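Student: What follows is each chain in one-letter form.
There are 2 protein chains.
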Amino acid sequence: MKRPTIADIAREAGVSKGAVSYALNGRPGVSPATRERILAVAGRLNFHADSNARALAGAQARVVGLTLQRPPSTLGVEPFFMELISGLELELSRHSYALLLQMVAGRDEELAFYERWHSEARVDGVLVCDVRTGDPRVAALEALGLPAIVIGPPDASGSLPCVWSDDAQSMEEAVQYLAALGHRRVARVGGIAEFAHTAIRTAAFTGVCDRLGLADAVTVAADYSGESGARATRRLLSRDDRPTAIIYDNDIMAVAGLSVAHELGVAVPGQLSIVAWDDSPVCRLLHPPLTALTRDIGAYGVRAAHLLLAAIAGDPVASTRGEPAHLSPRGSTARLIP
Amino acid sequence: MKRPTIADIAREAGVSKGAVSYALNGRPGVSPATRERILAVAGRLNFHADSNARALAGAQARVVGLTLQRPPSTLGVEPFFMELISGLELELSRHSYALLLQMVAGRDEELAFYERWHSEARVDGVLVCDVRTGDPRVAALEALGLPAIVIGPPDASGSLPCVWSDDAQSMEEAVQYLAALGHRRVARVGGIAEFAHTAIRTAAFTGVCDRLGLADAVTVAADYSGESGARATRRLLSRDDRPTAIIYDNDIMAVAGLSVAHELGVAVPGQLSIVAWDDSPVCRLLHPPLTALTRDIGAYGVRAAHLLLAAIAGDPVASTRGEPAHLSPRGSTARLIP
DNA sequence: CTGAAAGCGCTTACAG
DNA sequence: CTGAAAGCGCTTACAG
Numbered sequence: 001m002k003r004p005t006i007a008d009i010a011r012e013a014g015v016s017k018g019a020v021s022y023a024l025n026g027r028p029g030v031s032p033a034t035r036e037r038i039l040a041v042a043g044r045l046n047f048h049a050d051s052n053a054r055a056l057a058g059a060q061a062r063v064v065g066l067t068l069q070r071p072p073s074t075l076g077v078e079p080f081f082m083e084l085i086s087g088l089e090l091e092l093s094r095h096s097y098a099l100l101l102q103m104v105a106g107r108d109e110e111l112a113f114y115e116r117w118h119s120e121a122r123v124d125g126v127l128v129c130d131v132r133t134g135d136p137r138v139a140a141l142e143a144l145g146l147p148a149i150v151i152g153p154p155d156a157s158g159s160l161p162c163v164w165s166d167d168a169q170s171m172e173e174a175v176q177y178l179a180a181l182g183h184r185r186v187a188r189v190g191g192i193a194e195f196a197h198t199a200i201r202t203a204a205f206t207g208v209c210d211r212l213g214l215a216d217a218v219t220v221a222a223d224y225s226g227e228s229g230a231r232a233t234r235r236l237l238s239r240d241d242r243p244t245a246i247i248y249d250n251d252i253m254a255v256a257g258l259s260v261a262h263e264l265g266v267a268v269p270g271q272l273s274i275v276a277w278d279d280s281p282v283c284r285l286l287h288p289p290l291t292a293l294t295r296d297i298g299a300y301g302v303r304a305a306h307l308l309l310a311a312i313a314g315d316p317v318a319s320t321r322g323e324p325a326h327l328s329p330r331g332s333t334a335r336l337i338p
Numbered sequence: 001m002k003r004p005t006i007a008d009i010a011r012e013a014g015v016s017k018g019a020v021s022y023a024l025n026g027r028p029g030v031s032p033a034t035r036e037r038i039l040a041v042a043g044r045l046n047f048h049a050d051s052n053a054r055a056l057a058g059a060q061a062r063v064v065g066l067t068l069q070r071p072p073s074t075l076g077v078e079p080f081f082m083e084l085i086s087g088l089e090l091e092l093s094r095h096s097y098a099l100l101l102q103m104v105a106g107r108d109e110e111l112a113f114y115e116r117w118h119s120e121a122r123v124d125g126v127l128v129c130d131v132r133t134g135d136p137r138v139a140a141l142e143a144l145g146l147p148a149i150v151i152g153p154p155d156a157s158g159s160l161p162c163v164w165s166d167d168a169q170s171m172e173e174a175v176q177y178l179a180a181l182g183h184r185r186v187a188r189v190g191g192i193a194e195f196a197h198t199a200i201r202t203a204a205f206t207g208v209c210d211r212l213g214l215a216d217a218v219t220v221a222a223d224y225s226g227e228s229g230a231r232a233t234r235r236l237l238s239r240d241d242r243p244t245a246i247i248y249d250n251d252i253m254a255v256a257g258l259s260v261a262h263e264l265g266v267a268v269p270g271q272l273s274i275v276a277w278d279d280s281p282v283c284r285l286l287h288p289p290l291t292a293l294t295r296d297i298g299a300y301g302v303r304a305a306h307l308l309l310a311a312i313a314g315d316p317v318a319s320t321r322g323e324p325a326h327l328s329p330r331g332s333t334a335r336l337i338p
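If you read the sequences in order, they're chains G and V. Just so we're aligned, residue 1 is where the first sequence starts under UniProt numbering, counting upward by one. Just so we're aligned, residue 1 is where the second sequence starts under UniProt numbering, counting upward by one.
I should point out that these hints are in silico values taken from the structure, not numbers from a laboratory. A hint or two may mislead.
Put simply, identical chains are the same to the list, so a pair is met inside one copy or across any two.
In silico SDA-like pairs for lysine to any residue, Cα to Cα no more than 20 Å straight-line [claimed, not checked]:
(1) Lys2 - Phe113
(2) Lys2 - Gly314
(3) Lys17 - Leu90
(4) Lys2 - Asp50
A quick note: this is a predicted structure, and the numbers were derived from the prediction, not measured.
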């Protein structure tokens, strides 16, 4: 059975192809009665316009693209991206948009995809994650004129609208909580240092520790992998004045940190408190369950998709700050046992 | 700067549009010299053919679709899908194919997407996960005539080619290993019972336990979430003759099981051995690290994509059995402490 | 409010 | 080996 075309609908409804197009797209140009008749026929035939023909004729492709850099082994582990994608699709589906997902090995490949997608007219816009300060992708997208939304802080987004959260505020909340528990030596295992949000967290961490008079508030750089988190934790716990609390930039490094503490015979939370940034089911399942900075990642996705659709439609778009991550205290943080 | 078209290339190279098309697609019909000249111009202009025009004119869209049912909260947690997608894209990218990812709430929605994708000419083929016996998606795809590959066992794939692994063999390996450690009461926390691979694992588990004369080899049904895994574990560990070893159908339930054991004061591996099906970085980070059934999920993705591309090209495609999961013994399994 | 027609950028027989 | 032309299924001014 051949797929029906607007010509088929037109014939059945006794109108022109143009009228069918107007009716299906909810445009003026057909009377209510005609429109209804056309829609009835289209519904009966389960008609869906050929997306290629639609796009070629000048309408939207109704596809947006998302590229994900595939680091050694962290992508599959962090729930972040799946939750983000869930949120994105929730909003995209509502508007009959599809998501093109592309894993890339590095920045150059990512840029090449943006250019290709643009010249192939494959996507109407893209979403950009993990921005760095002076990120070449921002400049490239501005030059291409491809609608784009950054999921990240404004200072790295150039003229592109962005969706972000106030990580500085969340960091402050976490450190103040630890200080209130009596901790004076707080350390941090940070994510990839080049990411703009990492820099913001690092600055906030240093700032608030200074303000509270906490001793050498050190950040050890890591890369979100369990191995890097374990290594950083071992280094921190081997110091003379080892920290009594550590904040990790993702959940998997926090899990690794908890393991290393066990391994070294450091009691959690008796001798060491642990905080994970970005909550996940695994955090709740551990012994002790991990105190975490929780946020609704899906909501960021919804918002980012919403902005992108507006940008594609040509509407004015303003950057949006989402709800910051808030502390969910659990068993991994406590007062020190004297 | 407007995007170049084949007309631009043709003009610059002094040939017809048809010749450009032949040259770009590596078809006969142009002399080597002409072809080279055309490709040089196209390269210089960084030309990429409009995918919509290409698809509309009868060529492939060069997109394949993957739908993922979004269960309560397990999708983001299991690394399985991200690893699968990584593998899929590795092979797809090699052939300039893109991946359309669609989250769906249920089976009906999923079927609707297949139909829509087909009528919109959006995808050249699809990949199907988590098949059930008598899965309506299989029949629907057969009826649509949309090329499709099942990632799952042949008995649920109908006439669609599939990529699968011999889960029965892996189950046998796991149970025999536990029996060799002296375990006589082995239990299992299974995944969603309706999935075809779950049924295979359940049958294999019962079969091998019978053969080895292991007492009441019970399978408790769960849904891959941490909560369900914890609940099932509590039930098992509260029995009079509680099992001394449990096999979990995914890593997140195994993590939850380990936690429940801690909670109930059951020593792992001293009094309880734990095996997780499908390995993940988290398994390696726990205390004790979890013994797991490991397989190269990315390789399944590569293979599935390869088959799908062959099916799209109209080549004959045969179902493929991949390397089965193998046991990676770690600290969570041991002989019982007498 | 409606119809007939041009055009989007390709691919592909079909003549030469 | 090459060129001119039809056609894919839409959208969108443009006349009526």
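Student: Work down the list of hints and note, for each, if the structure agrees.
Tutor: So, going through the hints one by one against the coordinates:
1. For a Cα distance limit of 20 Å, the shortest separation of Lys2 from Phe113 across copies, 18 Å, qualifies, whereas the shortest one inside one copy, 34 Å, does not.
2. Only between protomers do Lys2 and Gly314 lie at most 20 Å apart by alpha-carbon distance; the minimum there is 19 Å, versus 36 Å within a single protomer.
3. For the homomeric pair Lys17 and Leu90, neither the shortest alpha-carbon distance inside one copy (32 Å) nor that between copies (42 Å) is at most 20 Å.
4. Proximity of Lys2 to Asp50 under the C-alpha cut-off of 20 Å is restricted to the intra-copy arrangement: shortest distance 13 Å within a copy versus 25 Å between copies.
Hint 3 alone, counting from the list given before, is not met by this structure.
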